[in-house]
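Dock the two chains into a complex; use the hints.
Residue strings, one per chain:
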Amino acid sequence: MAARAARRPPGPLVLGGLSVLLVASLLFAAAFGAVQLRPDDLVRMTLNHLFGARFEPTWRPQDEAIFFAIRLPRVAGAAIVGAALASAGVLFQGLLRNPLADPYALGVSGGAALGGALGFLLSLSFTFLGFSPVPILAFAGALIAMSLVYTLARVGGRAPIVTLLLAGFAVSAIMGYAVSFLLILNDRLQLNLPRVYGWLLGGISVTQWSQLGLALIMVGVALGGGWLLRHSLDALSLGEESAQQLGIAVESDKRLVIVLGSILTGAAVALGGLIGFVGLFAPHVTRTIVGPRHTWLLPAAALVGAAFLVLADLLARAILPPTEVPVGILTAFVGGPFFLWLLRRERREYRL
Amino acid sequence: MRSSRSFRKISPMCCALRVARSALCCALVALLLFPTQAAPVARAQPSPFPLTLTDDSGISATFAAPPLRIVTLNPGLTEITFALGAGSRLIAVDTYSEFPPEAKSVQPRLTTYPSPSVETIVGLKPDVVLSLAERDEDLAQIRRQGIPVLKLFPKDFDATVHTIQALGKLYGASDAADAIAADMLDRRDAVIAAVADAPRPRVYEELDASEPDKPFVAGPKGFYGELIDLAGGTNIFGDLPGDVGQVGAETIVQRDPEVIILTDADLPFNPQTPEMVAARPGWDVVTAVANDAIYPVSGQLYSTPGPRLIQGLEDLARLLHPDRFNSLSLWERAGVRGGYEIKRLGRYAPLTRAARGLIHSQRERRISL
Numbered sequence: 001m002a003a004r005a006a007r008r009p010p011g012p013l014v015l016g017g018l019s020v021l022l023v024a025s026l027l028f029a030a031a032f033g034a035v036q037l038r039p040d041d042l043v044r045m046t047l048n049h050l051f052g053a054r055f056e057p058t059w060r061p062q063d064e065a066i067f068f069a070i071r072l073p074r075v076a077g078a079a080i081v082g083a084a085l086a087s088a089g090v091l092f093q094g095l096l097r098n099p100l101a102d103p104y105a106l107g108v109s110g111g112a113a114l115g116g117a118l119g120f121l122l123s124l125s126f127t128f129l130g131f132s133p134v135p136i137l138a139f140a141g142a143l144i145a146m147s148l149v150y151t152l153a154r155v156g157g158r159a160p161i162v163t164l165l166l167a168g169f170a171v172s173a174i175m176g177y178a179v180s181f182l183l184i185l186n187d188r189l190q191l192n193l194p195r196v197y198g199w200l201l202g203g204i205s206v207t208q209w210s211q212l213g214l215a216l217i218m219v220g221v222a223l224g225g226g227w228l229l230r231h232s233l234d235a236l237s238l239g240e241e242s243a244q245q246l247g248i249a250v251e252s253d254k255r256l257v258i259v260l261g262s263i264l265t266g267a268a269v270a271l272g273g274l275i276g277f278v279g280l281f282a283p284h285v286t287r288t289i290v291g292p293r294h295t296w297l298l299p300a301a302a303l304v305g306a307a308f309l310v311l312a313d314l315l316a317r318a319i320l321p322p323t324e325v326p327v328g329i330l331t332a333f334v335g336g337p338f339f340l341w342l343l344r345r346e347r348r349e350y351r352l
Numbered sequence: 353m354r355s356s357r358s359f360r361k362i363s364p365m366c367c368a369l370r371v372a373r374s375a376l377c378c379a380l381v382a383l384l385l386f387p388t389q390a391a392p393v394a395r396a397q398p399s400p401f402p403l404t405l406t407d408d409s410g411i412s413a414t415f416a417a418p419p420l421r422i423v424t425l426n427p428g429l430t431e432i433t434f435a436l437g438a439g440s441r442l443i444a445v446d447t448y449s450e451f452p453p454e455a456k457s458v459q460p461r462l463t464t465y466p467s468p469s470v471e472t473i474v475g476l477k478p479d480v481v482l483s484l485a486e487r488d489e490d491l492a493q494i495r496r497q498g499i500p501v502l503k504l505f506p507k508d509f510d511a512t513v514h515t516i517q518a519l520g521k522l523y524g525a526s527d528a529a530d531a532i533a534a535d536m537l538d539r540r541d542a543v544i545a546a547v548a549d550a551p552r553p554r555v556y557e558e559l560d561a562s563e564p565d566k567p568f569v570a571g572p573k574g575f576y577g578e579l580i581d582l583a584g585g586t587n588i589f590g591d592l593p594g595d596v597g598q599v600g601a602e603t604i605v606q607r608d609p610e611v612i613i614l615t616d617a618d619l620p621f622n623p624q625t626p627e628m629v630a631a632r633p634g635w636d637v638v639t640a641v642a643n644d645a646i647y648p649v650s651g652q653l654y655s656t657p658g659p660r661l662i663q664g665l666e667d668l669a670r671l672l673h674p675d676r677f678n679s680l681s682l683w684e685r686a687g688v689r690g691g692y693e694i695k696r697l698g699r700y701a702p703l704t705r706a707a708r709g710l711i712h713s714q715r716e717r718r719i720s721l
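Line order of the protein sequences matches chains A and B. Residues 1 to 352 in this note's numbering are what the first sequence spells out, letter by letter. Residues 353 to 721 in this note's numbering are what the second sequence spells out, letter by letter.
Isolated chain B, as found in the complex (with noise of 0.2 angstroms):
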């Protein structure tokens, strides 16, 4: 009863996405000034549904129509469907998705640790599943009951931006997608830009520090490690095998590095401040302690794949080289130094003008639907 309610509420709201989604500068226009012309141009369009989508691990699956019903079992699939106007459709969530703040209210929330529960799942009937991390096997066993899964592990800013893309095309947001896709790259490169011949301060990033004295620190590979790099950075442990390590304190008052960036500042659990890491034996000698240079960020920023990477490595850049970032944007006047405030803030980064003018449209018909 209740889906086929939300079928008829949503489904012509799909065609206008598919407007949106192939339509051009002026079909996008003529779609946020004359809604109701839109749909006309769409059908000068191909469709490109059916449409075959072939996840991270290989497997492909075949959408008839944009899902109406998803559930996500990732934070960061969650945050990108919310950021692409379809957080509306999602159905279920898993128990960390909580940005957006409206990801909060999304019920059921289900627990993906061990595993998620595959009966729950396919008792929810979902159009698709989009997982990030769960076994292959969980998996398998929800696409045997027809139900097409998207196993989507972004590992770099490129393919998070690739990743936000390929959703669009499944949502029939192609242009949303591709909006915030190109906001992306354009700011990652004019970080890269701004820094290009800046000298490159030795880091040290914090995961954990429940045991002070050896810390998971970020390492070369994963996000953390790519940002450090695009911010212009060099991090002390690039030499680690994988994404994160646990280290000796050793290492790092040796590695002796310039800037400290503690993304455990906001953990729930042993929380990190710079008072803390000044205070640790023998840290009194390390560059970074002695300047001051100790920075708490907001953790989720560096490491959700999703449209708020940019904005983390926007933070990083600018903490790594503040000379480097003269015009101070929305989020940042509400305090540079630390990530607390951007969290208070709690919305995306600014998106262009078209992408937010888009995903208003799409809010707005869907309302008067």
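Chain A with its partners taken away, still in its complex shape (with noise of 0.2 angstroms):
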């Protein structure tokens, strides 16, 4: 054991790393996309736009609306997704001590897919900070979907983790079905079918700078609740009455745990609908590189997370131009073979 972690680099320079990988794929994020744009075009344009320069516009106006209006505000959406998704799918793996527990583990996905569907059906018409019906009702229904779970997990004052995980499958079943039955029920449902399809298979979609601000303070507080109960976690990884002979308060950390990981996978679900395979692969590939201590563990696999569905969205965008690929398909196109891989290399049984 000592000597494997002697083997890892230290936690700083690996997030340092890691930040350098982030900020490096947003910048290819930024200079690529459908639409080909000249980068010392876009340079420009920036140090106009932020700077205050004054370089003669050799570009169309179209293009610095692309740019800023359009492009930049998904590419820091699909960075904010990744990051809550990957810190969620620490905080489940963490708490529920189960490799494929990921961000939706408890009951999540049927949720947010119900209330994204109740989003199609219903014919309203309204915003809110700039975010329409669909992603609205998908948060509220994973939001709805996780309490559920935790509430029927919890016998006399303690939810096991087993029938936490039982119950979030249960639910997520029921939930998930009930969008098929609503499918068959309503017309217009149907009608929308393909709609629905692609809105389940996920997609980054940041309409309004507003969005990002309030998914940015959420999601940044949530990480910042998330790292402060490193030492519970990392307790609760030993199982649960090693962490209570630790002295660690386990249901209400784990409850804490819970709302942490709802709120970021709410957020998640808000900006871009159920993309899967991030919160799975992001925390297992994070845990080769930095091990399991969530000290590191979390804010690295952020980054991770963030940094890989940047690139995946950026493909979504740019693979089939003028074409829009949902991002989910992605995510595991590109994520599963490089998971599998990794897990072929490290030539041992899996650990947590």
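Read the hints as simulated data drawn from the structure, not as lab findings. All of these numbers come straight from a predicted model, not from anything done at the bench. Accuracy of the hints is not assured; some may be wrong.
[Said to hold, decoys possible] Once the Cα atoms are required to be at most 25 angstroms apart in a straight line, the calculated DMTMM-like pairs of lysine to aspartate or glutamate come out as:
id : chain 1 : residue 1 : chain 2 : residue 2
1  : B       : 456       : B       : 479
2  : B       : 507       : A       : 187
3  : B       : 456       : A       : 187
4  : B       : 503       : B       : 471
5  : B       : 503       : A       : 187
6  : B       : 507       : B       : 450
7  : B       : 573       : B       : 508
8  : B       : 521       : B       : 454
9  : B       : 521       : B       : 488
Below is the structure:
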């Protein structure tokens, strides 16, 4: 154990390296897209915009609109969603001590799908802080499903891990099939089937900077809160009883972890629908780099998730121009083989 | 019991329909003026029945007589059936069939997603089932019960006209069908002629913007794309592989449409308005937005394979080339901008006088018999 730990690079170095990686992928994703813009134009545009430089525009006004109003919010949104999903994955994997746990483990996928489907179904037309009804209802569905799971799993003041997992699975399945039933019952949803399906596959959808502000605050607060719970998470990974013996307030900390994970997942769902794989894959990959201690694992996984989703979203935007590909397809296509390669390379029994 | 009654009621009418189908102009006049004298004229004409029709999936069905119990599983096929005066012979339609208004009262209304109930359809004992998109396996099961099925999926304007004529033959209403077909083709040619030498504006046609930063748009194929071409526009997404695609807002802004057509203006979900489009971030620089050339239309008219397709085409051509269409037609007087008014008027575009007279006479005869 000690020998393996010694081979690992120090945490701060990893965080620094990953930050550089994230910045590089942000720049890369901003420079490319469905529309080709000249890199030197982009630099001049940005200098004009941010620092009041007065370069003569050699570009069309459309190019400026594309870059600032459409592409940059989307890139930033992908980073936020990726970070949120990855850190939620870390929290739930740590809490549930299950390598298959992901941000959707506690019923979120079903709840968000049901909320989103209702958003498509009801002819609502309002916006709240830049969000349209579908993401708002998906967010609400995610939180409702998780609190339902937690309530159902509580027996005599405790929520055993296995019960949580099973209740999460059951609630998610029930709500997921409720979506299918709604589809059959309702003409309107049937008509909208490809759209509902596309939304379920996930895709970053940012239409206003105000959305990003709100999501950034939620994700930042939840990530900070999760980091404060890092020692509890480390202890919980030894098992609930051991954690209790180490003096951890197990039940209250578990509840806190679930609340923080819910906020992270809810924010991700609101901006990106149900994007699979990031929340499962980023924590595992990060663990092979920095090890299982949550002090480094949580922030490092957030950086990995952000960089990964920024690049996956770039592919979604640019791989088949002018068609948009749902980003969930790409996270699985790109992330899946890489993950399998990593598993093979490790050549040892998998441990959390 | 019920079926035999309706059979007795309708079968003499079918004789009359057969007359009408094969009759020339004079026979038509005779029918209109002296319905009782029409029958002898009819006997001089060879009957097309037994009639063998081959559907769009290449499967043939033979009919001994015009079907009296018809099931349609698509709104377009329902519309055509009503337009040909055979609406009263519908014994079931799918849940989307809502035009003409009479279609809403046809019972039962069959769900088609994820697949239609073969049991229910067989239990209705139809003489023919008309399908557009159902799975071949389900249709084969219906056929195995001895019920003829026609899978008709016209992909463009001409194919739609052809489908109307084929169903006209089947219903014994060829004259009505030919009249509608001629009307549609004439009016289409008139549109083509009117816009022939006009500059072709860049058109962006939006089908669904549930996610406004990556909407679904009209590609080059299918009715949406074809109507843009015929109406004298340049589809900015003519390079998509199919009839519909999901594209990023980046590309839309970059391709800078001169006209924006919102067929998603009357969707039951996330309907879009010109104001919403103009307010999308980054869209203010788009020419169509700057020129206020964003038009909400009735999406049904642009995509339903049926007689109203010509209305969609004329509607679109007027929006793209307002200067080329001076004479206002009936529905246009209700208001040019937008399809809402068109929808509210709710009836078919004016048929040629002959077709209208024929359909009218069929209705009269049905009542009197």
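Hint by hint, here is what the structure shows:
no. : hint             : verdict
1   : B:456 with B:479 : holds, 21 angstroms
2   : B:507 with A:187 : holds, 23 angstroms
3   : B:456 with A:187 : holds, 14 angstroms
4   : B:503 with B:471 : holds, 18 angstroms
5   : B:503 with A:187 : holds, 21 angstroms
6   : B:507 with B:450 : holds, 21 angstroms
7   : B:573 with B:508 : holds, 8 angstroms
8   : B:521 with B:454 : holds, 23 angstroms
9   : B:521 with B:488 : holds, 24 angstroms
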